[in-house]
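Peer 1: The lines below spell out each chain.
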Amino acid sequence: MTAVVETEGLTKFYGTRRGLEDLTLEIRQGEVFGYLGPNGAGKTTTIRLLLDVIRPTSGRATVLGADTRDPRVRARIGYLPGELALEGRERARDYLQFLADVRGGVSRGRIDELAERLDADLSIRMGELSKGNKQKVGLIQAFMHEPELLILDEPTSGLDPLVQQEFLAMVREARTAGHTILMSSHVLAEVEHVADRVGIVRAGRLVAVEDIAALRERAVRHVELHFDAPVPKESFEGLPGVRDVVVRGASLRCTIDGRPDALIKAAARYTVVHMVSAEPDLEEIFLTYYSEEEGRHAHAGA
Amino acid sequence: MPTLVRKSLGEYRRALIGWTVGLCAFLGMYISIYASMMNDPETFSKQAIAKYPGALRDLMGGMADIATGRGYLQAVAYQLLGPLLFTMCAAILGNRAIAGPEEAKTLELTLTLPIDRRRLLLERWAALALGLLAVALVTLAVATGASSAADMDVPFGSILAAHTGLFLLVLFFGTLTLCVGAAFGRKQVALAVVGVWGVAGYIVETMGKSIDAISWLRWISPVHYYLDGRPLYQGWPYGDYLVLLGATAVLLMTALLAFERRDVGV
Ligand SMILES: Nc1ncnc2c1ncn2[C@@H]1O[C@H](COP(=O)(O)OP(=O)(O)OP(=O)(O)O)[C@@H](O)[C@H]1O
Ligand SMILES: [Mg+2]
Chain A
8 MTAVVETEGL
18 TKFYGTRRGL
28 EDLTLEIRQG
38 EVFGYLGPNG
48 AGKTTTIRLL
58 LDVIRPTSGR
68 ATVLGADTRD
78 PRVRARIGYL
88 PGELALEGRE
98 RARDYLQFLA
108 DVRGGVSRGR
118 IDELAERLDA
128 DLSIRMGELS
138 KGNKQKVGLI
148 QAFMHEPELL
158 ILDEPTSGLD
168 PLVQQEFLAM
178 VREARTAGHT
188 ILMSSHVLAE
198 VEHVADRVGI
208 VRAGRLVAVE
218 DIAALRERAV
228 RHVELHFDAP
238 VPKESFEGLP
248 GVRDVVVRGA
258 SLRCTIDGRP
268 DALIKAAARY
278 TVVHMVSAEP
288 DLEEIFLTYY
298 SEEEGRHAHA
308 GA
Chain B
619 MPTLVRKSLG
629 EYRRALIGWT
639 VGLCAFLGMY
649 ISIYASMMND
659 PETFSKQAIA
669 KYPGALRDLM
679 GGMADIATGR
689 GYLQAVAYQL
699 LGPLLFTMCA
709 AILGNRAIAG
719 PEEAKTLELT
729 LTLPIDRRRL
739 LLERWAALAL
749 GLLAVALVTL
759 AVATGASSAA
769 DMDVPFGSIL
779 AAHTGLFLLV
789 LFFGTLTLCV
799 GAAFGRKQVA
809 LAVVGVWGVA
819 GYIVETMGKS
829 IDAISWLRWI
839 SPVHYYLDGR
849 PLYQGWPYGD
859 YLVLLGATAV
869 LLMTALLAFE
879 RRDVGV
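Keeping their order, the protein sequence lines are chains A and B.
FYI, the numbering for the first sequence is 8 to 309, going by our numbering.
FYI, the numbering for the second sequence is 619 to 884, going by our numbering.
Quick caveat, the hints were computed from the structure, so don't treat them as lab data.
Note that the structure is a prediction, hence the values are computed from the model and not measured.
Do not rely on the hints blindly, as some may be mistaken.
Claimed, not checked - In silico contact screen, one side only, chain B against chain A (beta carbon under 10 Å); selected entries:
hint, residue
1, Arg632
2, Arg675
3, Pro719
4, Thr728
5, Leu731
6, Pro732
To be verified - Result set (DMTMM-like, lysine to aspartate or glutamate): computed pairs, CA atoms no more than 25 Å apart in a straight line:
hint, chain 1, residue 1, chain 2, residue 2
7, B, Lys723, A, Glu135
8, B, Lys723, A, Asp101
9, A, Lys138, B, Glu660
10, A, Lys141, A, Glu123
11, B, Lys723, A, Asp77
12, B, Lys723, A, Glu94
13, A, Lys141, B, Glu721
14, B, Lys723, A, Glu90
15, B, Lys723, A, Asp108
16, B, Lys723, A, Glu97
Yeah, the Cβ is synthetic: ideal placement off N, Cα and C, and Gly gets one too.
With the rest of the complex left out, here is chain A (with noise of 0.2 Å):
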């Protein structure tokens, strides 16, 4: 499969502040990247780098196979800035229409469908639009043309639950077109239901990309099991992947790391009535991902 976005030690350092070191990263073709990563962690860095508005220091990046330079290929993106400024006298709909047709025309309808879709009301000045509703214009300028590649800072901040679902919807009808999509967040759960892998960036470095499959399936789970009578503590000790075992007469509760399989097997000698299983949580490995890095940080420096 082809990349359409492509970095290679990519490394910009604003004076002698790093905002982001030596990134090499891979965005295949039809895919939902999501980025993630705490503040400041370097997240706009890249998106911004990666649409020429900051040069690196060091390092390249090509999107959609051209150069980052080429203005041309800037025409096949949607891009929704981290810091959306919209300003102005002039209403939301003239402005839509001033950046359509720039990037040569959209389809007839498409800018009101999107904002029937998203509940933004586009005859309002920008300059009085709230931030709700600055981030839907937003998000209908970058989808309006149907670009291949949509580069979205942050899409659902200030947007309401309904807005957000609706957007969601919007990514995933962009990639059964097989457009690819990068998005960046705080956190997992914005995205875990969209994006096909996850990179973690941190202190300007990129920690980890991953596989949400994958990941699903490493993740620690919580499960409860209740039998029709008490069962000893041992049987369940020790079991491959089981831990924080806490028995309290007839129930069990545990947490399991990837397959709950030895866990269910040893229940099976028990009669068991009733099971609770939540969602994995994926927070958590995403949390652990800062703290091993801490912890190895910690040990580098002892």
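Please build the complex by placing chain B with the ligands on the supplied structure of chain A, with the hints as guidance.
Peer 2: Below, chain B with the ligands alone, put in the same frame as chain A:
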């Protein structure tokens, strides 16, 4: 008209209308006072003018023949206040091209359009030049009309020559603002550069003429190329105007090169 020029002109429209109205009111009012001044010749008699300190007279461009139509028009409209107001207009519009949107963070999205940075800057500059030209044309009409209504007896050709110089001067300062903004992305820096260069240039050209130690500085004062040829009296100072145009072109090239290689919005 290219989309971006049209769009930029749309953004400038309100400011352009405001400044045009202001400048026209200024010109119309001051020029029309001429008639009443002439009815009271005492005000501008040689003796009355001689009472002003010499330095002040220098600063006002001599004021030697302020009782004539040409002298009055020069002193009131084309010497100091006219260029000052029009330059402020040009600097404010010049800042709207790059530095303003950059500080407001609206430039980022524009930059990610499929337009290369050189074209973006050129089209913004073209809108600035067209806007200033429109203001210049309307104010030219008002200056011509008001001065003939006040019986100043200054031929249109002379007013046109002086007004062209005014346009070239403000185009230079507008381009300077745009250039500094394109290089540094800060409105205040651009205004400071224009203010210092403009005011210092004016003082050097008027009061510094007679001071040997600084008179050479006149060559780097844009105001020199506007005032020195005395177009209202002597017609077109082609050489001086070409210098202003050339300097504007150099600034524009500088702006293109600086903007091309810069991080925007940091
Ligand atoms: N214009 C700038 N000048 C100096 N340093 C900057 C600038 N922009 C970003 N940085 C620094 O670069 C690092 C990465 O910032 P970046 O904006 O890319 O983070 P982010 O992941 O987008 O964070 P957030 O989630 O808060 O948006 C931070 O340490 C930040 O302080
Ligand atoms: Mg950010």
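Peer 1: All hints, please: hold or fail.
Peer 2: Against the structure, the hints:
no., hint, verdict
1, Arg632, "holds, 8 Å"
2, Arg675, "violated, 46 Å"
3, Pro719, "holds, 8 Å"
4, Thr728, "holds, 9 Å"
5, Leu731, "holds, 5 Å"
6, Pro732, "holds, 4 Å"
7, B:Lys723 - A:Glu135, "holds, 16 Å"
8, B:Lys723 - A:Asp101, "holds, 19 Å"
9, A:Lys138 - B:Glu660, "violated, 64 Å"
10, A:Lys141 - A:Glu123, "holds, 15 Å"
11, B:Lys723 - A:Asp77, "holds, 22 Å"
12, B:Lys723 - A:Glu94, "holds, 9 Å"
13, A:Lys141 - B:Glu721, "holds, 18 Å"
14, B:Lys723 - A:Glu90, "holds, 8 Å"
15, B:Lys723 - A:Asp108, "holds, 21 Å"
16, B:Lys723 - A:Glu97, "holds, 16 Å"
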